Amino acid sequence: MQKNAYFTGLTVPLLLLLPQLVITVLFFYWPASQAVWQSFLLQDAFGISTDFVWFENYVTLFSNPGYYKALVNTAVFSSFVCVLSLSIALLFAVMADRQLRGGEIYKTLLIWPYAVAPAIAGVLWLFMFDPSLGMLARGLQSLGIAWNPRLNGNDAMALVILAATWKQISYNFLFFLAGLQSIPKSVIEAAVIDGAGPWRRFWTIVFPLLSPTTFFLLVVNIVYVFFDTFGIIDTVTGGGPSGATETLVYKVYSDGKGGSDLGGSAAQSVILLIMVIAMTAVQFRFIERKVSY
Amino acid sequence: MAQVTLTNVKKIYPGGVEAVKGVSFDIPDGGFCVLVGPSGCGKSTLLRMVAGLETISAGEVSIGSRVVNQIGPAERDIAMVFQNYALYPHMSVYENMSYGLRNLGTPKDEIDRRVKEAARILAIEPLLDRRPKQLSGGQRQRVAMGRAIVRKPQVFLFDEPLSNLDAKLRVQMRVEIKKLQRALGVTAIYVTHDQVEAMTLSDKLVVMNAGQVEQIGLPADVYKKPASKFVATFIGSPPMNILPGTIDGPGIVALGDAILEARDLREDLAEQTPVEVGLRPEDVEIASEGEAGSLPFDVEFIEELGATQLFHGQLAGLPFVMQAATDAVAAVAGRIWITVDPDRVHVFDVATGARLGR
Chain A
1 MQKNAYFTGL TVPLLLLLPQ LVITVLFFYW PASQAVWQSF LLQDAFGIST DFVWFENYVT
61 LFSNPGYYKA LVNTAVFSSF VCVLSLSIAL LFAVMADRQL RGGEIYKTLL IWPYAVAPAI
121 AGVLWLFMFD PSLGMLARGL QSLGIAWNPR LNGNDAMALV ILAATWKQIS YNFLFFLAGL
181 QSIPKSVIEA AVIDGAGPWR RFWTIVFPLL SPTTFFLLVV NIVYVFFDTF GIIDTVTGGG
241 PSGATETLVY KVYSDGKGGS DLGGSAAQSV ILLIMVIAMT AVQFRFIERK VSY
Chain B
1001 MAQVTLTNVK KIYPGGVEAV KGVSFDIPDG GFCVLVGPSG CGKSTLLRMV AGLETISAGE
1061 VSIGSRVVNQ IGPAERDIAM VFQNYALYPH MSVYENMSYG LRNLGTPKDE IDRRVKEAAR
1121 ILAIEPLLDR RPKQLSGGQR QRVAMGRAIV RKPQVFLFDE PLSNLDAKLR VQMRVEIKKL
1181 QRALGVTAIY VTHDQVEAMT LSDKLVVMNA GQVEQIGLPA DVYKKPASKF VATFIGSPPM
1241 NILPGTIDGP GIVALGDAIL EARDLREDLA EQTPVEVGLR PEDVEIASEG EAGSLPFDVE
1301 FIEELGATQL FHGQLAGLPF VMQAATDAVA AVAGRIWITV DPDRVHVFDV ATGARLGR
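Taken in order, these protein sequences are the chains called A and B. With our numbering, the residue at position 27 of the first sequence is 27, and numbering never jumps. With our numbering, the residue at position 252 of the second sequence is 1252, and numbering never jumps.
Calculated from the structure, these hints are not laboratory results. None of these values were measured; they are calculated from a predicted model. Note that the Cβ used here is the ideal one computed from N, Cα and C, for glycine as well. Every clue listed holds true.
Examples of chain B residues toward chain A, derived with CB under 7 Å:
(1) L1053
(2) P1073
(3) A1074
(4) M1080
(5) F1082
(6) N1084
(7) A1086
(8) H1090
(9) Y1099
(10) G1100
(11) N1103
(12) L1104
With a straight-line cut-off of 30 Å between C-alpha atoms, the simulated DSSO-like cross-links for lysine-lysine are:
(13) B:K1010 / B:K1204
(14) B:K1116 / B:K1152
(15) B:K1178 / B:K1152
(16) B:K1168 / A:K185
(17) A:K185 / B:K1021
(18) B:K1179 / B:K1168
(19) B:K1152 / A:K185
(20) B:K1225 / B:K1010
(21) A:K185 / B:K1108
(22) B:K1178 / B:K1225
(23) A:K185 / B:K1116
(24) B:K1108 / B:K1152
(25) B:K1204 / B:K1225
(26) A:K107 / A:K185
(27) B:K1204 / B:K1021
(28) B:K1010 / A:K185
(29) B:K1178 / B:K1010
(30) B:K1133 / B:K1179
(31) B:K1224 / B:K1179
(32) B:K1116 / B:K1178
(33) A:K185 / B:K1133
(34) B:K1204 / B:K1178
(35) B:K1168 / B:K1133
(36) A:K185 / B:K1178
Simulated restraints on C-beta separations:
(37) A:K185 / B:Q1172: 24 to 34 Å
(38) A:M275 / B:S1057: 54 to 64 Å
(39) B:E1018 / A:V219: 43 to 53 Å
(40) B:R1066 / A:A158: 51 to 61 Å
Only chain A is shown next, with the shape it has when bound in the complex (with noise of 0.2 Å):
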């Protein structure tokens, strides 16, 4: 059983790693089992009776067209967000990869978006894009496009798509950058002197040695779309108008909160984790196979 020698007890291990698994239990599992169990229950409005309920929160919610529509809205906005930070990211870090002198600078300006909190970087694009004081949407007015992200559901769901993958793309770009810096540079000489020009180049050798860090990050931004834009769509759009940017995060919000349906809300939380785990163990199960050197 003993794998090292370094541990011979089972005390040192334990309390290693008793600080994570605190963390973990109290601020996960907890709570997570707490909404399992509340997804089960049903209040009256004053929150005087509570009875369990078995499945009808799940019912109810299969039976509502508004959560299909979150659904389709969350497809739209994390396929839009996922797609663009990644590849303006990866096409920023060959930019960078390419010309290093100058690059620390470069690298700095370009992760400042990551240290900026999303609700804040919300506030931004919503100030910059505002139909009346926005000086972007000045822009865009005056070149001849109706722009209005208060009344139009589109404008809004590309505001927030916007703003959620400006914030994502620093950090795609680092791990991006750090991923072509380490291919080796003989191995794209190799190529070069296999005849392969640059653009051959990057699709044959860059791309597929790459692979791992896209995978990475491509579960890393589907768990951030699904989750961490919470705060860019509740400052950007309170999920409106009239729900167009409503996401399966920001309903489990406005219901449970603004709609006092704790039961209903628990049950959306539920199967937005199943969901999350569901993506994940998918993605590690069939790409990673495919992405690993």
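Place chain B on chain A using the hints.
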């Protein structure tokens, strides 16, 4: 197949550092040229300039009849084997070897024929479906060679290709590289810091130091008549003994009290001129006491090499190493007498290190 000519080639980095300070030599068609020197001497930079991976700051490189200064690496018709092999980790051996041909748009059946041919020559046919990760160092080395030969280039470039192999494999691959190059008749340039590789592989040896060529020639000539103290100590193992001495007449040098005849020594040097005298450990012979021209050598300890022994000690009061067959000397330590072949006494200028030969 082509001749490679370098004319006053220089590499100057943006900071003004001159890594290669004007190198000229040519390699005949089918020749095997080895660039040897300590790390940082500019040999790899020179090779990379021939490959087109580094720009040429000044001078001219031509392959065949073409000046290639402005031609990209892909169009130079060369193939390179890197020190870390630089195999594409995500491709199978077959894909690694065929990548260059696929980039050229070679027909599939032609690619298949050439890859299989190369795999047969290198005895890596059973490995074609494997990934580089699944190969041993020696196998990777072969794949890297295979990738070079399927392209049928005019010139092979080797950048320390054996440095990452263990000693036994290195000797084996060294022989195979030489055989392969002979069989294919392709011009080769080979960079190494290993003087044994340099001596055994080359038919043109270029010894470099600090961005400059110290000596060019046949390996045997470089060994027998090193043009400078640097070459003398760099080529040959164990290295040549260098002892301070003075000119003691035409063709005569003095080492302390001892007098040595040096037949190759220039005769126009004034007496008492300080010089450095080089004696190879293996050029020394054991003599009996009182024999004409014999020198006293105080042996301090002996290193056993199997076929030969290395005797470390003091020659005329100066540190000295001699190499002799194991059964030649019975004495374990103490004073013995040695003679030196006057044709094999090398004398160098103290200031410049240049050979003071005829």
